[in-house]
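> Listed below are the residues making up each chain.
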Amino acid sequence: MRMITHLGIPLLLLLAWSSGMHSAWGGIVNDESLATGCAGCHGIHGEGRGALPPISGQPLGVLEKVLRDFKSGQRTATVMQRITKGYSDAELGRLARYFADRP
Amino acid sequence: MTFMTRRGLLKVGLASWGWGLTSCSHPFTRPGTLGNARVVVAGGGFGGLNAAKTLKRLAPELHVTLVERQAVYTRCPGSNLVITGIEPMDTLAHDYADSAQGMDIEVVRDAIVGVDIRPRRVKLQTGGALPYDRLILSPGIDFRWNAIEGYGESASLTIPHAWKGGQQTQLLRDQIGSMRPGGVVLITVPENPYRCPPGPYERASLIANYLSRYNPKAKVIVLDAKTKFSKQAAFSQAWRQLYPGMIEWLSPELEGRIDHIDTRNRVVHTEFNRHPADVLNVIPPQRAGDLARLAGVTDETGWCPIDPLTFESRLQGGIHVIGDACSAAPMPKSAFSAQSQARACSAAIVALLSGQAPPLPRLINHCYSFVDPSRAISVTGVYGYEASTRSLATLSSGETAPDGDWSTEGIYAHDWYDLIMEETFG
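Chains as they are written, first to last, in the working numbering: chain A, 1 to 103; chain B, 1 to 426.
Next up, chain B with everything else stripped away, as it sits in the complex (with noise of 0.2 Å):
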């Protein structure tokens, strides 16, 4: 029955683009269409809880599958606040029985372990597949591990990334909890792109914010992979402002890269110098989420190109890639983002299933990151469709001055992150 629906599909598809192209401003839409259409989410973050309703709310008659392994969702954005003691680690677990509730949306929790173009299903671990006639994929990152020599899988259980949210969370913040007085943590940061590109920054501000509490005499080393770095004048002027001599920013130009970390004494080792912590956080190089590569929809580059009119894959047709996992760049990789793309791709994909042009998007990114526990500084992006190119274009960006009003930009932060996650989890 799905594969007549989806025949019938690209029929109507067919016939509507064909004719659209020469009065393209003019709806063409068959009653009833939409309603035997399937879109399959895989991956409940907030690119894919995003889109699951954002797909229902644009068009309640399409069938709408997400697909998560966990129950739970423990997320990233707002960790820094929990690992730091501000607030306490079980404020970032979001059950998914709660989420998407009274939206008609079918959640699976399982995993995928294969992903078929011809017929399009999704082939899940239970032994089950999921026909789709659109596959939106949201699978967040996953490392590169051992990118950095000395720094692979196993390390991390006792040296934290901390840079999903979860066990790893924990561990970092029981370990800076426990440092000896007068310690280092040092924090080892990777080069563009990863996943939230101001949050290093924001912990090493949280962090000297809960040493200069607990422990005055201890020290931040931030061991950078750039040369500069997201709001660096405005995160500049607060550590030399709220944390006087706590947090030493240091640059690839004095360090040279990493050459490799010896996990055992916790010692980085850098091409020029070498540097010993008490608490290492390295945070490492990442790629799309393994999902991605499971679906051949990644490039050498590790991530996932797309056209960003419709989110979908340069590599294969009929699947789309949102949030920190595809390619779209000026963009950067953060929740914000995700949820921006989530309706605009969602937006895109209801009018492909109408045999409609997909509409242009117009896209926000802002991302605050706290300097304290009630201050916050942010950079803001507008991004849109350039056609020649097919890809995004900056049309306006800004980051708060060192100057700023941050205690105003602090209470909207907060106020932020309510908004996201009720949208998203509630």
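Bound conformation, chain A alone (with noise of 0.2 Å):
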């Protein structure tokens, strides 16, 4: 049991750094995570504050549309169309899903 606890921390330090691991490591690109950032402003459950608008629990067409709009430059903004265009449009739709499918 001692060789394991020896063993095991190297062990995982090679699975989690070996350069031929990376296909299987962190290439797991979940809702969660991609929305992160966006709780910077809008607070960890999308709520808002003050001025910062609420974005969970709106209608998807709206958050859809808003975003894309953001990231061509249709739509204005003090810092969205910088943010916006960090993520693919295929994202974009998916954190319009995860906000939208929020209370």
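Treat each hint with caution, since some may be false.
Cβ-to-Cβ under 10 Å is the rule here; a few derived chain A residues that face chain B [stated by the list, open to error]:
| id | residue |
| --- | --- |
| 1 | GLU32 |
| 2 | ALA39 |
| 3 | GLY40 |
| 4 | HIS42 |
| 5 | GLY43 |
| 6 | ILE44 |
| 7 | ARG49 |
| 8 | LEU52 |
| 9 | GLN81 |
| 10 | ARG82 |
| 11 | ILE83 |
| 12 | THR84 |
| 13 | ALA90 |
| 14 | GLU91 |
These aren't lab readings, by the way, just hints derived from the structure by calculation. Every residue, glycine too, gets a C-beta built ideally from N, C-alpha and C.
Using the hints, put the two chains back together into the complex; each one sits in its own frame.
And the structure:
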């Protein structure tokens, strides 16, 4: 049992860091991690704060359109046009659905 | 018992990873495993508190301990508003007794004096030890005293850095308030990387705002070690428009480096010049907080190399470093970054402890700087994980234009402060 502990840590590190493993490591993009950045201004539940608008529970179609328009520049904002360019169209669609589905 | 738990976890982790490599999308969890796992979070700033809270939010059964040596945290973000009398000093202080209430986070008020790797535990100044399966360090910064000749820790008692919140904030505020009419405030700014890249220029803006009302013949000189700086176009425009002739920014191309500081006479000597000041604010070169060095997770740069997939140290397994202390370039060192990193790191740790692959991080930094009490400018970056280099890549970035909507951003900036304070310390 002690052997497992002693060998275990280096083995775990090897698994984590060997370059061949990256297709398995970090290959999963989940909606929660994709949405983490949004929480920085809109709150951990997407509830907004003061002038920072709530994004949770908004109609899916509205969220999709707003995000798309920020990215294309059709809709102006102070910062959202910078941020949306950091996400693919598919990712913006996932974010819209993630927040639309939240209460 | 904890030793047994850890061994159990290692076995579960190995089994699931080995299996997960061929079928990574399938979740593998063993009910009850997380409940035995212990995560210790060291440092109760924006990184540490958000990490502890996120861990409990994602995995309520996890045992989370926050170790912090102070009873009250005095924040640095927002302190430029206090230095210039726009907000009172007491708005910066946050009592840990009020933070993380009702979240089942064990708060230990103690200093860490050692970090063991085998067995995994942190040793406390009062004599106890806390075992951990994963340790998150969020120690912030410490200063490279005497990296500028003449400016050591004792000099900071009369010549403030005010780059950590607290007494230093008050000292600089008092000195600016009592400066002679027509005096000079001189701010020295270090090379990158340092905490809050646009902070010195926000400080210059707000000091000029104060002086324009109470000491209109006074001047602000910014003596920079860099040839360009964050949000330079918008700051330069704000200075011309709001404080004409009051702020002078000096590039090292003109001045050379700082040679030494005569602290008794408040004179900064550069290679080509000398600058006497009435109020001298030296923002010293920085490094990761002492705790990071104690844990053996700093490299020759003085900062902590990490893999941003999990924020695990590249030097010590099982130890994660977040916030200002870690090298997460191109992400700047800011409270926003620290909160964003805390959340990504916590999600990764919960995945690791459950035997799952950590999710790909997608991080944002967004920093507001006030140019006057109600108007602000910002810089933004979105960062994704680059697996081939195990580093972060900038996916998009931008900053407020010189003709941007500073008033709306000022409203957002105040609301953002309220939000991050409530989520971190509420």
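> All the hints need checking, so say for each whether the structure fits it.
Status of the hints after comparison with the structure:
Because the smallest distance between the Cβ of GLU32 (chain A) and any Cβ of chain B comes to about 7 Å, under 10 Å, the interface hint for this residue holds. Taking 10 Å as the C-beta contact cut-off toward chain B, the hint placing ALA39 (chain A) at the interface holds, the least distance being around 7 Å. Checking GLY40 (chain A) against chain B: minimum C-beta separation of about 5 Å stays under 10 Å; hint holds. Hint on HIS42 (chain A) holds. Least Cβ distance to chain B is approximately 8 Å, under the 10 Å limit.
For the restraint placing GLY43 (chain A) at the interface with chain B, the shortest Cβ-Cβ distance is roughly 6 Å, inside the 10 Å limit, so the hint holds. The beta carbon of ILE44 (chain A) is positioned within 10 Å of a beta carbon in chain B (closest approach about 6 Å), and the interface hint is therefore held. Annotation: ARG49 (chain A) was flagged as interfacial toward chain B, and the flag holds, the nearest CB pair being 4 Å apart, inside 10 Å. For LEU52 (chain A), the suggested interface contact is upheld, since its CB lies about 5 Å from the closest CB of chain B, less than 10 Å.
With a cut of 10 Å, the hint placing GLN81 (chain A) at the interface with chain B holds, because the nearest CB-to-CB distance is about 8 Å. Of the supplied interface hints, the one on ARG82 (chain A) holds, with its beta-carbon coming within about 3 Å of a beta-carbon of chain B, less than 10 Å. The beta carbon of ILE83 (chain A) is positioned within 10 Å of a beta carbon in chain B (closest approach about 6 Å), and the interface hint is therefore held. The beta carbon of THR84 (chain A) comes within 8 Å of a beta carbon in chain B, closer than 10 Å, and the hint placing it at the interface holds.
Interface hint status for ALA90 (chain A): violated, as the beta-carbon distance to the closest one in chain B is roughly 13 Å, over 10 Å. Restraint check, GLU91 (chain A) versus chain B: the minimum CB separation of about 8 Å is within 10 Å; hint holds.
This entry does not satisfy hint 13, going by the numbered hints stated previously; all others are met.
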